[in-house]
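Undergrad: Sequence:
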Amino acid sequence: MQGDKVVSGINDVKLEILMSDITDYADKLNKIFNEANKIVEQTSIYFDCESGMAFREKYNTLSENHQTINSNILSYAKELLAVKDRYKKGMGEISDMVNSYSVGKREE
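Numbering (the numbering used here), first residue to last: 17 to 124.
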């Protein structure tokens, strides 16, 4: 924890690392999906029958969700950044309110 930059109660360094990890995992997952797609396509070479066609059709129907899954993971990283920014903004507003209240009380 030493050396980590903590601003307004948020550990920026660890949050940046987490967002980077999430992006890396999304990339790795996308590569896995692409590899699975290739493998399933190649099954037509040795699994060329009605069952094979049904399998590939079912897989293709399900694989349409791959992009959605990947997008959702990436949007999670973006949402973390937005939460961090909103938290910092909110803490700044609270700080300003406390400061203005304190200044008003000193003048009384």
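Keep in mind the hints are simulated off the structure, nothing from the lab. Just so you know, not all the hints are guaranteed correct.
DSS-like cross-link-like pairs, simulated, lysine-lysine; straight-line CA separation at most 27 Å [unchecked claim]: (1) Lys44 with Lys94; (2) Lys47 with Lys30; (3) Lys54 with Lys44; (4) Lys44 with Lys100.
Undergrad: None of the hints should be skipped; say for each whether it holds.
TA: Hints and how they fare:
Pair hint Lys44 plus Lys94 holds up; C-alpha atoms about 18 Å apart against a cutoff of 27 Å. Proximity of Lys47 to Lys30 is assessed by CA-CA distance (about 26 Å); at most 27 Å being required, the pair is judged to hold. About 15 Å separates the Cα atoms of Lys54 and Lys44, which keeps this hinted pair within 27 Å; it holds. The suggested pairing of Lys44 with Lys100 holds, with an alpha-carbon distance near 25 Å, which does not exceed 27 Å.
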